[in-house]
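Participant: Given next are the chains, with one letter for each unit.
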Amino acid sequence: MDSKKGVIEIQFNWIFILVAGALILILFVAIVQRQGSVSNQSRDIDIRSKLGTILTGAKQSTNTLFIIDIPSKTEINFGCNGYSVGGTSPFQLGESFSPGKIKSVSNNIFLSSSDWSLPYKIANFQYITSPDIRYVIVSGSIYQGKLGEILPQNLTISIENPSSVVNNNNYKIRYILISDKDGNGMGTLPAISDNSIQKMKDEDVTAIHITVSKEGRDNPFDGYGKVEFYTKSGNSFPSVSSPAKFDYIKKESLVGAIISDNNETYNCVMDRAFRQFNITTNLYLKKAEQLNTLYSSGGAFAFQCNTPGNEYLNAVDLLNKMIASDVTNSEIYDYAYKSKTTDTSLKISNIELLKASCPLIY
Amino acid sequence: MKLAKTLKKTKAQVRMTETIAILFVFFILLIFGFIFYSKVEVRNMQLQGSQIQDQKAVEVAEIFSFLPEIQCSKENIPAHNCIDIMKIDAFSSLIENKPEYQQYYYDQFLRSRITVNESYPDSSVSFVVYDQVPDKWTKKSSTQIPVAIYNATGDPTAGRLPYYAFGIVYIDYYS
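So the sequences go chain by chain: A and B. The opening residue of the first sequence carries number 1 in my numbering; numbering runs sequentially from there. The opening residue of the second sequence carries number 1 in my numbering; numbering runs sequentially from there.
In short, the hints are calculated from the structure, not lab data. Be aware that a few hints might be false.
[Claimed, not checked] In silico lysine-lysine, DSS-like type, Cα no more than 27 Å apart, as pairs:
1. K121/A / K103/A
2. K121/A / K56/B
3. K74/B / K338/A
4. K74/B / K121/A
5. K74/B / K321/A
Looking at chain A on its own, in the form it has when it is part of the complex (with noise of 0.2 Å):
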């Protein structure tokens, strides 16, 4: 009887021992699990901190390349909502152009910025993106050697027959095709026939349909025509659902759509900086009436500023003009740099004003 209760003594001590033991042991890799998913979280919101500065820094230091490190195996995500890290909630940054997804094997990002002016300054367009990505321009294409000067530095573009692109390991690759109003230079993209880049995932590779409506003065992208996206299925590219057609003006807004590489993101950014652009014309009206305003009601400096134009005046007209709601960008074009029927613009005006040493519009 004695030795029977001393083995149920001995083996009650033993799975006691156990329970307490797993419970021990669930407790730290419970503790273990928990850490590690804070310090990844507190990892994400340290580089989306980070990040957030370093762009707004980078954002105003126009036409220069920024090529930032960042830790291993991060992926920043871009849509509609801005920026985000891991599952960190997205930040804004205004007029900023980005891939879906920007990653690097050399840890590096490239950060560049230029002005959007009309003729005004409206904001600075920001572009992200990565060395690992690859713009492809479609040989034959119109203009293909201008565009080159137009898109950030250090991007890896080549210059390729669509059917000789093989694949360099690249997590993402744009096909860019130009051609004019009058349908010169490259209109279609032929069939993708690198198999390896067929298995890529559709929306990795995409391709870029640009049309030049009207050249700018120092370089063809600099005036406005319209863009297309496209996106992969299978071995073509089949166009992207409605609306994948966008009315670009500028280079700096066409160098945004070549970046971007989805269409709803693109537009999305693109409003934002429309509303941008209402906003500053706003501005400069309200300040041209003003100026209207004083030297036309005979001031001590109304002799020197009455230009034979009335630039005051013929600002006001054109700035509402450009704010109109029915108002196309053709015609903002026109506004800014050129009219087609009164051949006066507010660039003509601001001159005017320069030469006659009066407050300037702009």
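Mind docking chain B on chain A? Use the hints.
Facilitator: Same frame as chain A, but now just chain B:
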């Protein structure tokens, strides 16, 4: 015999109680350690949060300094640290009168109050450019930026040419 049995039983109970007591002390120590660690973590997170708020305040100041809507410019070439008084006047009245503009700038300036004060020659000139102070806030980070304020028209009635004045931009960021 009976006494030996009782003694053995009592010994086993004492050993059991000892084990439970050890486990109890172990868990108490574990809980103390955990509470201490949590407190340190919370303190670190508060510090990190405070740093992020300070960074945000600097970001708001930076964005405002380079805002094309208010910067002085000549032939579209901006002059840094210079504010055009006509633009700032138009800007503050637009923001005040149009709620959709307030909403638009909230993404950039968040919960802050931005004022531009002229210091010399006329210290009475002041503009509240943006005002979104929350009803309840726990921390305020202030930044001051000295700027030139450009008056493009001067004062024609007094025969005064266009001039630059000294001013300060006050940016108070609330969290």
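Participant: Give a verdict on every hint.
Facilitator: For each hint, the structure was consulted:
no. : hint            : in the structure
1   : K121/A / K103/A : violated, 31 Å
2   : K121/A / K56/B  : holds, 25 Å
3   : K74/B / K338/A  : holds, 20 Å
4   : K74/B / K121/A  : holds, 11 Å
5   : K74/B / K321/A  : holds, 23 Å
When each numbered hint is compared with the structure, a violation occurs for hint 1 only.
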